[in-house]
Amino acid sequence: MATVPAEYALGLAAVLFALGLTGVLVRRNMVYVLMSIEVMLNAAGMAFIAAGYRWAEPDGQVMFVFILSLAAAEVSVALAVIFRFFHRTGTLDVDKASSLKG
Amino acid sequence: MILVWAVVIPLLGGLAAWLSGRLGSAFPRWVSLSALALDLVLLLTLLDGGPAGSRWLAEIRIEWIPVIGAGIHLAADGLSLALALLTAFLGMAAVAASWSGIRERTGFFHLCLMSVIAGVMGAFLSLDLLLFYVFWELMLVPMFFMVAVWGREGRYRAALRFFIFTQAGSLLMLASILGLYFVHGTETGRYSFDYADLLGTPMGLATEFWLMLGFLAAFAVKLPAIPFHTWLPEAHSEAPTGGSVVLAGLLLKTGAYGMIRFLFPLFPDAAATIAPVVHVLAVVGIIYGAVLALGQTDLKRLIAYTSISHMGFVLLGIFAWEGLALNGALVLMVCHGASTGALFIIAGAVEERTHTLDIGRMGGFWSSAPKMGGAALFFALASLGLPGLGNFIGEFLVLLGSFRVNAAAAVFAALGLIASAVYSLWIIQKVFHGPAPPEAGIADIGGREAATLASMAAVLLWLGLFPGPFFERTGIGTAASMPTGSEIEREAVTGVAGRIGREKSGRPPGLARHGAGEGPEEMRGRQQGK
Amino acid sequence: MKEFLWLIPALPLAGSILLAALGRSIPARVSAAIGGGTVGLSALAVLAAGVDFMSAPPPEGFHVQGLWTWVDLGWFRAGAALRLDALSLTMAAVVTFTAFLILVYSAEFMEGDEGYSRFFAYMDLFVAAMLVLVLADDLLFLYLGWEGVGLCSYLLIGFWYREANNGYAARKAFIMTRAGDTAFVIGIILLAASFGTLDITAVMEGAASEWQGGRLAAAAALLVLAGALGKSAQAPLQTWLPDAMAGPTPVSALIHAATMVAAGVYIIARTHVLFALAPWVMDLVAALGAATLLISAFSALVQHDLKRSLAYSTMGQVGFMFLALGVGSWQAAIFHFMTHAFFKALLFLSAGAVIISLGGEHDMRRMGGLRSRLPLAFWTFLAGAASLSALPLVTAGYYSKDLILEGALAGGGTLLWGAGIIGAFVTALYAFRMVFLVFFGEAGADVKRRTGLKAALPLVALSALSLLAGFFGVPSFLEAVLPASQAAPPVGHRWAGILSSLVPLLGAAAACLLYLGKRGIVERLAGSGPGAVLHRFLGSGWGFDWLYERLFVRPYQLAARAGRADIIDAPYAGAVRLAERLNGLLVKTQSGQVRRYAAGMALGALLALGAMVFI
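Protein chains in written order, with numbering that gives the first Met the number 0: chain A, 0 to 101; chain B, 0 to 529; chain C, 0 to 614.
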């Protein structure tokens with residue numbers, strides 16, 4: 000089977016990360032921001048997979064599982080916070096969550 | 000051991016006052032008053048003289064933090080004893096002044112007051128630089144609370160300015176203390192904060208200069224010296240009366256004391272270099288304070304500016320570093336504490352009765368309160384330097400001593416005498432003279448106020464007419480030039496200061512000392528050439 | 000006898016303290032008794048000292064009684080000591096006797112005033128301070144008395160404190176004399192720094208032996224002169240005296256006529272050694288004396304207020320004394336001081352009798368024709384005016400003024416003598432102007448009160464002294480302390496002497512012409528254009544007040560008001576504002592916007608990564 004250069008996978012991870020970051024910075028709906036964060040997390044995971052593939056080590060896969068569980072926990076907490084926020088203010092606009100300003 | 004008690008009794012008294020405040024708001028006053036009276040009596044026992052052969056009237060050294068070379072080293076010579084006695088005395092006056100003015104949280108107030116007294120006392124008595132710094136800081140925070148909690152309308156801002164100004168100076172002093180500590184340690188291999196060890200530390204002029212500036216910063220802000228004085232008018236006018244008495248009477252003197260005890264002996268050459276500049280600042284302060292005093296409409300603020308003017312004289316006397324000028328500065332410190340403290344007490348009494356300090360709304364109080372008017376007149380005359388009262392002796396000796404060192408500065412400083420007449424009589428005119436007010440007028444001073452004011456008047460009369468015993472016990476060295484640290488040690492002896500000046504030369508002063516045709520210009524040239 | 004010298008100032012001081020403590024609780028009669036009695040006892044003590052002094056003169060010509068060591072520190076020593084020599088004895092005698100007579104007079108004058116005992120307390124304090132001044136043997140102790148009399152002058156000018164104007168006049172007097180006093184203090188410091196002591200004998204000896212060069216002596220003499228100018232109300236520090244008339248009349252009589260204003264004369268006489276070492280300073284003294292004499296004489300001529308006219312008169316007569324001092328006629332100056340004390344006190348007291356009798360009327364234009372209704376006041380005032388004008392032979396003023404003019408011609412030259420002659424002429428002119436305006440002519444205000452015995456006796460006593468004191472032989476008495484002038488009388492001095500004797504008569508005659516009867520010439524002069532301007536100019540004391548107001552008072556007040564907010568605070572306030580602005584800027588980063596925070600984090604991470612990779 001033809002080996003895929005690890006650089007391509009890293010490149011894909013980078014593109015995915017950038018897309019995710021853009022989504023965090025640009026989108027105003029909290030749920031979409033959350034989804035973008037998930038994309039970023041997965042991109043990071045992909046980078047790890049690519050590295051594991053490059054060095055033929057299982058550590059890359061291990062890190063991905065790690066990140067997955069982390070992401071799951073974080074998403075549940077984040078969704079709970081979003082629920083409370085929506086309950087309080089009736090909107091999902093991230094820009095409205097700014098009462099901690101100086 | 001007495002010295003330790005001198006510092007600890009106010010602290011314990013403060014705690015006791017705070018606790019007794021739970022029982023009733025009258026108790027803290029009595030507790031404080033008795034503690035300070037006890038303190039005063041204890042300190043008076045030191046007047047008898049100290050162990051022979053020692054320059055200190057009392058000294059004690061206790062181990063504290065030997066690892067870094069810091070010990071509890073307390074000592075009193077004539078200078079510190081005079082100021083320590085003033086501390087106890089004015090502390091009692093402050094308690095008396097706050098008798099009826101402070102109504103809420105009296106226990107806490109007296110805790111703050113006594114802590115400040117303890118801090119001041121410790122600052123006057125400690126010879127270990129770290130300990131001195133601890134007491135220096137101890138004076139600050141309770142004073143901040145006194146102004147911020149029990150003061151008048153602008154109290155918070157005034158307290159904050161006071162705190163930031165003095166803290167800035169103190170931090171620079173801390174930097175200098177640590178600098179001196181390390182320089183001494185690297186030069187001699189012995190790391191110590193002790194005053195006796197640090198005297199005569201070998202260091203280059205540049206290092207000495209920068210270290211001296213740190214100390215000067217702290218003391219110049221406290222004194223206050225122009226242009227670092229702007230915290231004072233607000234702090235004095237917004238503080239409660241007892242706070243003003245302690246501020247004007249004691250805290251300002253700690254700056255002056257620090258200059259005499261630490262700044263000059265530790266950094267003699269650097270101090271000599273900067274002295275002419277400080278002379279100019281002192282003279283500017285004398286005149287600036289006096290002129291601005293006239294323009295104030297708030298009575299306490301007016302008195303605060305007069306403080307700046309008087310402390311200008313003290314600063315001139317200290318930086319002339321001449322025997323007579325130093326003694327004059329000391330007398331002036333004590334008398335200024337008494338006279339300005341008394342004026343603040345009278346201002347506080349007026350405020351209690353009329354609920355205003357705006358002199359535009361006062362006038363004609365002499366008819367209804369002649370005793371208060373008479374007292375105010377007496378202290379106003381002291382303030383303007385009437386001969387027969389202590390302030391004149393102080394100012395005259397400062398001018399006489401500094402005339403030999405910097406004649407021009409002395410002549411310009413003398414102009415402050417004219418300006419002081421202008422503002423002192425202005426106070427009397429606006430507050431007590433003039434047409435009688437249409438309402439019933441104000442109540443005259445009662446027994447307690449009268450007793451406080453009478454004791455201060457007695458001090459002024461005593462120092463004005465018979466300062467002999469005072470100089471005998473507290474005279475500082477009469478070295479007529481700017482000697483090095485070791486010379487200071489030799490010459491700065493209590494008690495025999497005046498006689499040393501004569502014994503050293505072996506001839507009576509006056510005619511025999513100077514050659515024919517020699518005038519002050521020639522004398523000054525010879526002095527500065529060392 | 001020298002053991003009891005301390006009693007002389009101590010008695011009035013004790014009286015003052017007693018009155019200050021008990022004044023409100025004792026009846027008025029007792030206050031007056033204590034007030035006048037202590038001064039009377041002091042006068043007796045002076046008399047006893049004088050008798051003792053003259054019968055058994057001490058070896059060196061003076062007694063010294065040391066009281067206590069005031070300051071003894073290092074190279075400087077100042078002691079409190081009293082000295083009795085011919086000069087201080089003369090001064091003390093004049094002060095105590097005049098003061099006693101004035102206090103007896105005040106017992107009636109101040110009747111009914113609610114500050115009765117306060118008045119006597121202040122007056123006694125003044126007498127005590129004045130006695131310390133003239134008896135002090137040490138310059139610092141003298142300065143204690145010097146400032147003491149200044150203080151009492153302030154207290155007594157502003158005695159009726161409810162009137163704000165009185166307070167203003169009192170402060171003006173004090174501050175103006177303080178300016179002179181400050182120069183005096185600098186002079187004292189110069190002397191102390193040079194000699195290590197302020198003992199008068201030691202200082203004078205030291206100056207004589209060491210300061211031959213003259214520069215330091217001139218500086219010291221100039222500074223002493225400045226102090227003397229302030230206290231004696233001479234140009235340029237003279238403007239406080241006319242305003243000082245706001246005080247009660249006995250105060251004007253005692254302080255601002257007889258005693259305090261002569262303090263300057265005394266100090267120059269006492270330190271004459273210094274002045275003799277600096278001839279140009281003496282010339283200055285004479286010039287200022289002559290200038291003040293002329294300024295005040297012409298100002299007195301146009302005053303409407305009786306007391307103000309007398310104040311300008313005092314200024315002028317003290318100018319005569321300064322003139323004498325400046326030409327080296329020390330004895331003549333002190334002689335004139337004595338006669339002046341008597342006749343000026345007399346003039347003020349009888350003026351006071353007139354004012355009180357008319358119910359408080361000061362304006363001479365509203366008086367007139369009182370000759371028959373107030374005979375005692377008339378005759379005593381006339382005696383005083385005659386002595387002031389120095390009418391020949393019968394008045395004491397003649398002898399002292401003649402001595403001065405003689406000395407001025409011999410020691411100072413024709414210019415100064417001429418100024419003196421003109422001054423004498425105008426003095427006689429305004430003196431008799433007052434007599435004619437008040438006592439002759441048409442009746443003005445009505446008499447409301449008669450003069451009582453307590454007021455009358457001092458008036459009579461002072462009249463006698465004003466006429467007879469010329470025969471007291473004071474100048475020769477002072478020989479031991481104040482050397483006679485060495486100047487030789489110039490050619491033609493006999494004619495000059497005759498002229499100076501006739502000038503007062505001429506002045507009186509001119510006054511008769513101008514003021515007795517219709518006063519037409521005077522009114523036409525005052526009414527004309529330039530005449531009115533001149534009238535205003537002279538009446539305001541030659542515009543000095545106007546000048547000082549603009550030169551000193553307004554700028555000072557402006558500076559005080561401008562500095563109310565304290566410009567030195569500007570940098571600190573600026574620092575506060577800078578901190579606030581910086582805060583304002585930085586706080587914008589804390590927008591609370593999550594997305595901005597995220598963007599910041601991303602940017603930072605990028606930069607850090609870049610730095611790690613490339614640097």
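Honestly, the hints are just simulated from the structure, not real lab data.
A virtual CB, placed ideally from N, CA and C, is assigned to each residue, including glycine.
A hint or two may mislead.
Just the calculated beta-carbon pair ranges, DEER-fashion [unchecked claim]: (1) A/M34 / C/G603: 22 to 28 Å; (2) C/A561 / B/R102: 35 to 41 Å; (3) C/S371 / B/A457: 18 to 24 Å; (4) C/A610 / A/M34: 56 to 62 Å; (5) B/P275 / C/A610: 48 to 54 Å; (6) B/E351 / C/I566: 29 to 35 Å.
Holds or violated: 56 to 62 Å for the Cβ distance of C/A610 and A/M34? violated, 31 Å
Quick check on a hinted range of 35 to 41 Å for C/A561 and B/R102, using CB atoms only. Roughly 39 Å apart at Cβ, these two residues keep to the hinted range, so it holds.
At the C-beta level, are A/M34 and C/G603 separated by a distance inside 22 to 28 Å? With Cβ atoms ~24 Å apart, the hint holds.
C-beta pair B/E351, C/I566: status relative to the range 29 to 35 Å that was hinted: With Cβ atoms ~33 Å apart, the hint holds.
For the hint 48 to 54 Å, verify it against the beta carbon of B/P275 and that of C/A610. holds, 52 Å
CB of C/S371 to CB of B/A457, is that within 18 to 24 Å? violated, 58 Å
In summary, the structure is inconsistent with hints 3, 4 from the numbered list given earlier, while agreeing with the others.
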